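Residue numbers (the working numbering), protein chains in the order written: chain S, 1 to 141; chain Z, 1001 to 1226.
It should be emphasised that the hints constitute simulated quantities derived from the structure, not laboratory data. Owing to the predicted nature of the structure, the values given are computational and were not obtained by experimental measurement. We treat Cβ as the ideally placed atom computed from N, Cα and C, and that holds for glycine. Any given hint could be a false lead.
[To be verified] One-sided excerpt, in silico: chain Z residues whose CB lies under 7 Å from chain S:
{"hint": "1", "residue": "Gly-1060"}
{"hint": "2", "residue": "Tyr-1080"}
{"hint": "3", "residue": "Arg-1082"}
{"hint": "4", "residue": "Thr-1106"}
[Said to hold, decoys possible] Across the chosen pairs, the derived CB separations fall in these ranges:
{"hint": "5", "chain 1": "Z", "residue 1": "Glu-1076", "chain 2": "S", "residue 2": "Leu-32", "range": "35 to 41 Å"}
{"hint": "6", "chain 1": "S", "residue 1": "Ile-25", "chain 2": "Z", "residue 2": "Asp-1097", "range": "32 to 38 Å"}
{"hint": "7", "chain 1": "S", "residue 1": "Asn-133", "chain 2": "Z", "residue 2": "Ser-1175", "range": "52 to 58 Å"}
{"hint": "8", "chain 1": "S", "residue 1": "Leu-27", "chain 2": "Z", "residue 2": "Asp-1117", "range": "43 to 49 Å"}
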Amino acid sequence: MAIRSILKNKGVSSINIVGLAIGMIALFIASLSLFGLVLMIAVSRTKEIGIRKLNGARVSEIFMMLNKDFIILVVIAFVVAAPFTWLVMHQWLQNFAYKTELSWWIFALAGLLALGIALLTVSFQSYKAATKNPVESLRYE
Amino acid sequence: MIHLTDIDKYYDSRFQRTFVLKAVNLEVKEGEFVSIMGPSGSGKSTLLNIIGLLDKPSAGQYMLFDKSALDLKEKETVDYHRNFMGFIFQAYHLIEDMTVYENIETPLMYKNVKVRDRQAMVADLLDRFNMVAKKDLFPQQLSGGQQQLVGIARAIAGKPRLLLADEPTGNLHSSQGEMIMETLKTLNNEGMTIIQVTHNEKFAGYGKRIIRLEDGIIRKDEKSRL
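I would like the entire structure built from these sequences, with the hints used as guidance.
Have a look at this one:
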């Protein structure tokens, strides 16, 4: 309870904490599913990656090819989410007499953060798929 | 062109060393057509993979164009794959969700050939293999022989000097196999160096030279009788 009273004194209400916690959990679950998705794609494209490498693709090119799809996904998600977020936040801020501005950089920062986390999640698997020896990926038919 | 000296390939397990290739010496000159024969597990594919820079020998020397081809950086290996060698496989290994045209185009894209030149080069290849009408089909819509033709077209799209074929006729009927071998022979007559691995005695005879491997050792290195 001590923590809560300290936070309260600093002007942090419990709704902020709950909001933060829910946000973190949502991000974590989203990252997990993204990880699963890239794992599945990397496995199902193993053969294609091997073929591309034999035809002169560099590890970096394969890496970019795999990551590109996910960057597009995150951008689409951002485009869908941003207007809703603005609407909800705008409505919510109406409740306050003294309120902060909803400036564009908050959205940009959130978008970049989401992109960063997604890339971090995806890159690990992509790198593993891209550096695999094509002989191994093409051995089993 | 290719110079292998005392190539060993082995795997260490806890108590013993298993040799896949043992003291292999091999020289292949530009313009040769070499068939490698041998029973399953005799190390044919491993030898081909080492020549194709896909696998590293455990010991020995590999000179490719008078330059050591061991301990290459990734960039150098990729340069060899882009400009110097093409691969064909028993299972064709075409990309299933790309059309015939796109499959043949792939190596050219990695070679950074301009779009215009790319179109012309792919069109030439399609024309050469009589597949112009099939350029928008997917691999699964083609017969095995035609898929292998696409595989060959893709392998030679980047104008390599060396063609490595790992049992190119293994999945084909004999008549289609013969067509593929004739194609390879024509390519060889045009100056392409070809090394193929095969189980089929008759198809091995298309090569000018036959190497017989057994338990990782070269037993015989003979001129083809055909």
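Restraint outcome when Thr-1106 (chain Z) is required to lie within 7 Å of chain S by C-beta distance: With Cβ-Cβ at 5 Å, under 7 Å, it holds.
Hint validity - Tyr-1080 (chain Z) Cβ closer than 7 Å to any chain S Cβ: Violated, about 9 Å.
Distance restraint hint 43 to 49 Å, applied to the beta-carbon atoms of Leu-27 (chain S) and Asp-1117 (chain Z): For Leu-27 (chain S) and Asp-1117 (chain Z) the Cβ distance comes to about 46 Å; the hint holds.
Range agreement (Cβ of Leu-32 (chain S) with Cβ of Glu-1076 (chain Z), hint 35 to 41 Å): Holds: the Cβ-Cβ distance is about 39 Å, inside 35 to 41 Å.
Cut-off 7 Å, beta-carbon criterion: hint that Gly-1060 (chain Z) touches chain S: violated, 18 Å
Hinted contact Arg-1082 (chain Z) with chain S - closest CB pair below 7 Å: holds, 4 Å
Range agreement (Cβ of Asp-1097 (chain Z) with Cβ of Ile-25 (chain S), hint 32 to 38 Å): holds, 36 Å
Outcome for the supplied range 52 to 58 Å, where the beta carbon pair is Asn-133 (chain S) and Ser-1175 (chain Z): Given range 52 to 58 Å: violated, Cβ gap about 35 Å.
In summary, the structure is inconsistent with hints 1, 2 and 7 from the numbered list given earlier, while agreeing with the others.
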